[in-house]
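Student: Residues per chain are reported as follows:
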Amino acid sequence: MSLSIDTITSLKEQLKMAYINAASSADFVRVLVRVNDGTAPAVADFYATGAVTTATLEVPALQDITITNTPSTFRWKQLDTASEKVVTSVSSNTISGNLVLDPATFFGTDPSAENEATGTATEEGIFGMSNKKTRVDVLIGLSGLSTGDRYVMATGYFSNVAPAVSADSPVWVSPIGLEIDGNYVAGTMA
Amino acid sequence: MRTELLTYLSANLSGTIKVSMELPFEDSGTPLYVKNARKVYLAEPESTTTQLLALLNGPDISEKQFTIKGYLTVDAKNRNADLDSALTVLANARTEASIPNSFRKEFDYTTTIDGSTMIYEFEYRYNNIA
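Note that the protein sequences, when read in sequence, are chains A and B.
Going by this note's numbering, the letters in the first sequence line up with residues 847 to 1036, in that order.
Going by this note's numbering, the letters in the second sequence line up with residues 26 to 155, in that order.
No lab work stands behind these hints, which were simulated from the structure alone.
Just so you know, not all the hints are guaranteed correct.
Stated by the list, open to error - Below 25 Å or equal to it, Euclidean Cα-Cα: the simulated SDA-like pairs (lysine to any residue) are:
1. K89(B) - A869(A)
2. K89(B) - D910(A)
3. K102(B) - L112(B)
4. K89(B) - V1019(A)
5. K89(B) - S1015(A)
6. K94(B) - P1016(A)
7. K130(B) - V946(A)
8. K94(B) - D1014(A)
9. K64(B) - T32(B)
10. K89(B) - S1020(A)
11. K130(B) - A869(A)
To be verified - Here are the computed distance ranges between Cβ atoms for each label pair:
12. A68(B) - R981(A): 56 to 66 Å
13. S1015(A) - E148(B): 16 to 26 Å
14. F128(B) - A872(A): 28 to 38 Å
15. S870(A) - A68(B): 35 to 45 Å
16. T74(B) - V1031(A): 48 to 58 Å
Owing to the predicted nature of the structure, the values given are computational and were not obtained by experimental measurement.
Backbone N, C-alpha and C fix where the C-beta goes; we use that ideal spot for every residue, glycine too.
Let's have the full structure, built from the sequences with the hints guiding it.
Tutor: Now the structure itself:
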C-alpha cells in the first residue's frame, strides 16, 4: 500500500503532540481554594474577569503537586483462563503536594475566623481549614488560567498538613493533601 | 557583615595578635598582611546566589552565600604564645559576631609557610535567604 504525501502530512499533524507548559510565569500552576457553599463549584466561583474572586485563596510557593485518581479493583480467577480477571470500581481521589509556608495564606488573614462558624478561605488559611475540617472547593490550573488552559476542579477536605523545619533548613515547608469527595471535573478555561 | 566581624574581633583579640580595620590591599606589591605580621585583615564580602527551592508558581527561593576572606601572618620560627587563643577567637567569630538572618555559618582556614612566616588564610561563609 502506498500513501500520498498529503495523507502522510495529515497523519503527522494528527500525531503531533502538545505539552502542558508549567515553566514560564504565564503558565505557572495555579491552585485556588474556597470554602464550599453547599453547591457544586463552578470556575466562575474561583476566577472571574481575569482575576481571583474575593474570598478565594491562591496557594503560593508550591514545590510540587500531584493529582491522583486511583480506581479500586476487583480481581478474580476463573478456571477457563490462565490469568486473573479484573474490573475497576470506585476511585479514590486525592491531591497532594508540598509548599513553602507563607504566613498569610497558611494561617489566614484573620486567625480568629478559625473558631467562627463560618470563615472564608483567605481568613482561615490552609491550617485553619485543615484544623476545622472545612469542606473546600479546589481549582487547579495546570498551566495558568488563561483561555484554553486545562483545569481540574474538585471538592474535598485538607489532610496531611505537617509543617516542618529542621536545623539546616532556612524556611518552613509542609506537605498538603486534599481528600477529594466524589469525581474530579476536568475542563478547559473559557 | 565585615563590620560585625571586625567589631567582634577587635573586642576579643586582646593579645599580641590584633585586627586591622584596613582592607588587605597591596602596598608596593606586598600585601599588607605580609608587611604587618600579627594583624588580622578582612577583605570585602563576595557573594553568590543560587537556587535553594524551586517553586511551581512563583519566583524560586534563592540563597545568597557571602564569603569573607581573611589573612594573618605570624612568625613561623617564634610561635606567638597567644596564637591558639587568637585562632579560637577567629573561629568563634563565626557564630558570635552579630550577623542576623544566616541559616548556615561556616569558617575554615589553611596555612602556608613562606620563608620564615606562616600565613593563615581563612574564610567565613554565611548563607542567607536571598
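Student: Next pair to validate is K130(B) with V946(A); report whether the Cα-Cα distance is within 25 Å.
Tutor: With a Cα-Cα distance of about 22 Å, the restraint between K130(B) and V946(A) holds, given a limit of 25 Å.
Student: Given the hint that K102(B) pairs with L112(B), does the C-alpha gap stay at or below 25 Å?
Tutor: 18 Å, holds
Student: For the pair supplied as a hint, K89(B) and S1015(A), confirm whether the alpha-carbon distance does not exceed 25 Å.
Tutor: The hint holds at about 14 Å.
Student: Given the hint that K64(B) pairs with T32(B), does the C-alpha gap stay at or below 25 Å?
Tutor: 14 Å, holds
Student: Is the hinted pair K89(B) and D910(A) satisfied, with a Cα-Cα distance of at most 25 Å?
Tutor: Distance ~23 Å between K89(B) and D910(A) Cα, so the pair holds.
Student: Is the straight-line distance between the alpha-carbon of K94(B) and that of D1014(A) 25 Å or less?
Tutor: 23 Å, holds
Student: Just to be sure I understand the hint, the distance between the Cβ atoms of S870(A) and A68(B) should be within 35 to 45 Å; is that true here?
Tutor: Given range 35 to 45 Å: holds, Cβ gap about 39 Å.
Student: Could you see if the CB distance from S1015(A) to E148(B) stays within 16 to 26 Å?
Tutor: 23 Å, holds
Student: Just tell me: holds or violated, for the beta carbon distance of T74(B) and V1031(A) against 48 to 58 Å?
Tutor: Given range 48 to 58 Å: violated, Cβ gap about 41 Å.
Student: Is it true that the CA of K89(B) sits at most 25 Å from the CA of S1020(A)?
Tutor: 23 Å, holds
Student: I want to verify a distance hint. Is the separation of the beta carbons of A68(B) and R981(A) within 56 to 66 Å?
Tutor: 59 Å, holds
Student: Does K130(B) pair with A869(A) here, judged by a C-alpha cut-off of 25 Å?
Tutor: Distance of about 33 Å is beyond 25 Å: violated.
The structure shown violates the earlier hints numbered 11 and 16.
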